[in-house]
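Peer 1: Single-letter residue listing:
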Amino acid sequence: MYNKKVMEHFTKPRFFGKIENPDVIGTAGNPRCGDLLTLYLKIDKKGKTIKDIKFETLGCAAAIAASDMICELALGKTLKQAIKINFQDVSNELGVLPPLKIHCAQLVTEALRDAINNYPPKADRQK
Amino acid sequence: MKQQRIYFDYAATTPLDAEVLKKMMPYFKDKYGNPSSLHKFGREVSAAIDEAREKVANFLGCKPVEIIFTGSATESDNLAIRGLIKALKRKKRTGQTLHIITSSVEHKAVLETCKDLEKQGSRVTYLPVGPDGLINIDDLEAEITPETDLVSIMYANNEMGAIQPIKKIAKLIAKSNKFEEHLTYFHIDAVQAANWLDCNVKELGVDFLTLSAHKIYGPKGVGILYAKEGTPIYSLITGGDQEWNLRAGTENVAGIVGMGEAINQIKNEKLKIKNKIEELKDKLAADVLIRIPGSKINGPDNSEDRLPNVVNFSFEGIEGEALVLSLDQEGIATSTGSACTSQALTPSHVLMAMGLSDLEAHSSLRVSLGKYTTEQEVNYFLKILPGVIDRLRKISGR
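Keeping their order, the protein sequence lines are chains H and Z.
Numbering (the working numbering) for the first sequence: 1 to 127.
Numbering (the working numbering) for the second sequence: 1001 to 1398.
Because the hints were derived from the structure by calculation, they are not lab data.
Backbone N, C-alpha and C fix where the C-beta goes; we use that ideal spot for every residue, glycine too.
Treat the hints with care, since some could be wrong.
Straight-line alpha carbon distances no greater than 20 Å define the calculated SDA-like cross-link-like pairs of lysine to any residue that follow [as the list claims (entries may be wrong)]:
id, chain 1, residue 1, chain 2, residue 2
1, H, K12, Z, E1330
2, H, K12, Z, H1039
3, Z, K1394, H, K84
4, Z, K1091, H, K4
5, H, K18, Z, K1178
6, Z, K1394, H, P31
7, H, K12, Z, G1387
8, H, K18, Z, L1183
9, H, K12, Z, E1147
10, H, K12, Z, G1397
11, Z, K1394, H, R113
12, Z, K1167, Z, D1139
13, H, K4, Z, L1325
14, Z, K1178, Z, K1220
15, H, K84, H, R113
16, H, K12, Z, D1390
17, H, K12, Z, G1130
18, H, K18, Z, K1167
19, H, K5, Z, Q1329
Derived, one-sided and incomplete: chain Z residues facing chain H with beta-carbon distance under 7 Å [to be verified]:
id, residue
20, N1200
21, E1203
22, R1398
Construct the entire structure; sequences and hints are all you get.
Peer 2: Shown next, in the form of structure tokens:
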């Protein structure tokens, strides 16, 4: 059902866990479909680049693999670049997800966009 | 070290028994006649089918003429339900609605068939179940009317092992049939029950009963429908006059022979293995609850209300598919009610009907044991599971 790459990111995810004192958090998912995920982000002092990112995901193998992939794709990118990552990017990087699992790729991009949208503007950050 | 390969999914299918395979072998090559042919080639295989039919009839306590071989238990369920409805429709005046009562925890073979008949104008009542997965006989009493045509209830549930009160249901139906010209017929899907429970159709009081070969160490591709003599039923597959004109198509001879032998094996082994499997399952269930915090069992509390070989767990902070795949990586085969591969993305209708929350249903794991299960396998599972759960909980942060 899953290819080697998906299984690799599912069995050995590099980015799972929590960041203490994250600069911003993004969430996505609903209990009905069984996937709930949280992304924790650290942003550099200038407020531009994602310098650390981790995930916590309750979900199927595809959801866990996609969570790991979105972290890999977002790390080191500016917020402007990161918000443009879409579900096809995530799915393609994983060697294409099965059709029924595409929603997992959508879910993780949703969570990243939620985080970026939650990141306060400069004036508010300095308070 | 060679990786373990442990099969804990006997409720999905069972391995083929060696004796059964041996009995089937001649019918793949040497005995290739068509049972409908008049010559010796045909006669030797039709005799083999007769023999298998007798073994099945003997197991169910019925006449051979009441046994229909089909291509699967799903087909048998369809033949019973649709075949009866088809026959009754021809009898009834047009415009009269037919009434079916079933339960909300049926196998999809029954549930989807009922839903389809609903679309075609039948009225279907879906009985609820309690948190233990059992129907309440009072609910049936409230829903059954003199006009009810069919009650279809599974004997034992495939996901969590609940054994429905079949004899009580039969008594209730018999009571309702007593003074009426109109009869209510009773079908049970006994696929999961066959290895463990009494399947004598007279004692159970049923009109139709479904069995599957591949759940009793027989081959895939063979089902059985018992249909009581005189019960209205129409063929769904038309063609030749095989299987009493109720299931056209040249017989799956090797499969049918295998079914006969598989049934024979149950009779021999039933008592011998039941206690052993139940002991292993109880040990597994109790140890999981002790070793894994945030775990619970879904299904009936009383051991007489559940199958001896099936246990269904929910684990907080875990998603079932991820758990099944992780256990598979360790060589252990299990299954889950988290149908996140289904189009709807909604979890098991059975667990939801029992009142589990979405997350609980998504976190379910079914472990089903069988006659080849060993204590060593159970111990290996108990050793591996905590680490797997721990890893997934770290990933989920829950």
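Peer 1: Starting from the hint list further up, note which numbers the structure goes against and sort them upward.
Peer 2: 2, 3, 4, 5, 8, 9, 11, 14, 17, 18, 20, 21
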